[in-house]
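Chemist: One-letter residues, chain by chain:
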Amino acid sequence: MDSGEVVDSGRTVVSGGGVAAAGRIGQGEGQDVVTREGPRPTPGYPPYALAGALDRELGDPARTDLPFFPGRLRELDAAENFPADQVRLLDAAGLPAHYVPARHGGALRSYEDLLHLVRVVARRDLTVAIAHTKTYLGAVSTWVVGSAEQARALGERVAAGAVVSWGLTEREHGSDLLSGTLTATRTPDGGYRLDGEKWLINNATRCDLICVLARTAPAGGTRGYSLLLVDRSTLADGTHTPLPAARTHGIRGADISGISFTGARVPASALLGAEGSGIETVLRALQITRTLCASLSLGAGDHALRIATGFGLEHQLYGKRLIDLPQARRSLTEAYADLLTAEAVTLLAARGVHALTEEMSVTSPTLKYLVPATVDQLVTDMGQFLGARSFLSEDFAHGAFAKLERDHRIVGIFDGNSLVNLNALINQFGSLARGYRAGRTEADALATAADLGLPVPEFDPVRLDLTSRGGNSVTASLPAGADALRALADAGAVPVSLADRAAHLREVADETHERMAAHRPTPRDVPADAFDLAHRYTLCAAAAACVQIFLHNRAARTEGAWRDGLWLEACLARLAARLAPGRLPAEGTGDEEAVLDDLLPHLLDQHTGGRMFSLLPFPLAPSPDDAERPARSAAVPQLQETP
Amino acid sequence: MSTDQATTTATTTVRTPEEVREWLTERVAYFLDVTPQDIASDALLVEIGLDSVYALTLCGDVEEQFGIVVEATLAWDHPTVDALTTHIHAQIADPR
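Chains as they are written, first to last, in the working numbering: chain A, 2 to 644; chain B, 32 to 127.
Check each hint, because a few of them may be wrong.
Simulated DEER-style distance windows between Cβ atoms [what the hints assert, rightly or not]: (1) B:Q96 x A:A275: 25 to 31 Å; (2) A:D484 x B:T66: 44 to 50 Å; (3) A:R172 x B:Y61: 34 to 40 Å; (4) B:Q96 x A:R89: 54 to 60 Å; (5) A:R172 x B:D113: 36 to 42 Å; (6) B:E95 x A:G591: 46 to 52 Å; (7) A:A488 x B:P126: 41 to 47 Å; (8) A:D445 x B:E49: 39 to 45 Å; (9) A:L236 x B:D125: 43 to 49 Å; (10) B:D64 x A:L236: 44 to 50 Å; (11) B:P126 x A:S176: 35 to 41 Å.
Keep in mind the hints are simulated off the structure, nothing from the lab.
By construction, the Cβ of each residue, glycine as well, lies at the ideal position given by its N, Cα and C atoms.
Given these sequences and hints, build the entire structure.
Modeler: Below you can see the structure in the form of structure tokens.
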């Protein structure tokens, strides 16, 4: 590595190192992270310094002696046991401090950092990731609307390892928050008494604190609910009881249970924000948590593709490796392209929390719908690729594939399911169509969000809005982005075929927005074609996000799949195919997705190097036992090794 | 907690409360797919079928129509046509 790069990487690591200094993850190892990459003209990526440090701390998943060994996780899952050792390891690694914003004494400076930290856990095991990150969900309302004193006090508890839960749903009412019946009644001393139940709550039994949505006006309604942060240790005996854990299809080891209150007294200081602001706060907080859910999907997608690629390299069919068969190869590169698309969309959304905060009412449902759905399909496709092995709960990859397939199903459901998210977009069709037609884009903020080399401004929760009046800067930038790619193609900087694909998607986006503008809101059941339109909108938004990530980083990143805009062309080809399912190729055009084949070397490079599948260089984990193990090669993929 | 404030494009047209009420009534009637005569100005919007989440998007229409900036939760805090009229008219007359 030349010194110039060390300096450059050193600079970039500083911003990540600031985070690490407050938390414990990656302290003092920033330089090492980068130097292990060897000579790479592509610059480093600071958030990966932090995530890479956690990855190393958790250790190589193939090591049988560590808590994240898949065989151990499978046993816990089979016995429906909570992954206590794994959660303890995350606590010891200092992850909880990253759930607390720096302004409240914690280590959280950027949601981009948190996204990758959670992803590192999720690529090992979703149950553990969901069980641990729940504390962020329980705490987020306090960050959004709590007083400085409340936030500081909770921040200290969280950083010290307290488990915080978020009690929104009830047994009879599902995700309809406005029908909740748990009540908080004012008491003469100014506090509240709680009566009622919350059900299907992650960590309801294990938590130290729970943020409860309670009815504070007898008639309910949008201003009839409030959030209260309940410290269970202060409740009188007999006023609260855990409700038994539910048995679930996936995440079997997680504590999905409930809690019942009977005359539980809490002080006035438990109230978060003004009385009656509960629904509003939840809707604002969900804009952040839905963004973080994508990191669970990215981790699961990485895991699934890693197992499948390993199998493709190892398995022999007709005297060839499976991966040498064109169709099999295409399955892997399609999955890789879809995963890179999901990553680009998620990166822009996580940085958008800081830079495009006012638009999160659009960004978060787009992401929360698109990314889990994309990864669900990816996992299904990889299951087909693996064949019967994907069903083996023990004898293939230690049952990791079957487990992640079960576990991932929940990601698309919790924290707002697909219909909830599409409906949130349908409600905003008017402003989205207006903004697109006017080409309304917050250009500076979009540039900040899309340029991965720039630091993001501090997140200000006050800017979260329940509806985006300006529409979506990312999607509205697609026409200009397509024009920019055409200009680059004319100058010979990118292939003409890339500009053509972008132009095609721009036409699709134009038509989609015209149909959105014509959509008439209805008080009755939302028509099915509106959901189809919203689905198409999310794919157009994804195309726009990929184009922006490419345009704002192509100068700094020229190697690997960045060269000639390869990854972008592959991602756009896939998005076009998903926007026109079942369409026969036009005569004479041949294989419109042939560009996917060019991704294979990059996919294999990241696989054999043990790096996360990503647009960005993930630091290699220096395994102390590398010397004793056979060198990783294409023929001996990591997950297939006999430990 | 109000972020209501004057915009540089604030309309100079003087609007009477009746004009505001008429526009709002038409808007709500359009959404509910009924005639304006069916909308009682003192009825709770949520009870006559205006979805509480959809009601959040009313702010964009109000801003575009009257050139003022209002909270997204406008229709939550002023839950009838009468209450909305009073609030919006006050904002037009004295944009903060």
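Chemist: Each of the hints needs a verdict: does it hold here or not?
Modeler: Do the hints match the structure? See the list:
no.: 1; hint: B:Q96 x A:A275: 25 to 31 Å; result: holds (29 Å)
no.: 2; hint: A:D484 x B:T66: 44 to 50 Å; result: holds (46 Å)
no.: 3; hint: A:R172 x B:Y61: 34 to 40 Å; result: holds (38 Å)
no.: 4; hint: B:Q96 x A:R89: 54 to 60 Å; result: holds (57 Å)
no.: 5; hint: A:R172 x B:D113: 36 to 42 Å; result: holds (38 Å)
no.: 6; hint: B:E95 x A:G591: 46 to 52 Å; result: holds (48 Å)
no.: 7; hint: A:A488 x B:P126: 41 to 47 Å; result: holds (42 Å)
no.: 8; hint: A:D445 x B:E49: 39 to 45 Å; result: holds (42 Å)
no.: 9; hint: A:L236 x B:D125: 43 to 49 Å; result: holds (48 Å)
no.: 10; hint: B:D64 x A:L236: 44 to 50 Å; result: holds (49 Å)
no.: 11; hint: B:P126 x A:S176: 35 to 41 Å; result: holds (38 Å)
In terms of the numbered hints stated before, the structure departs from none.
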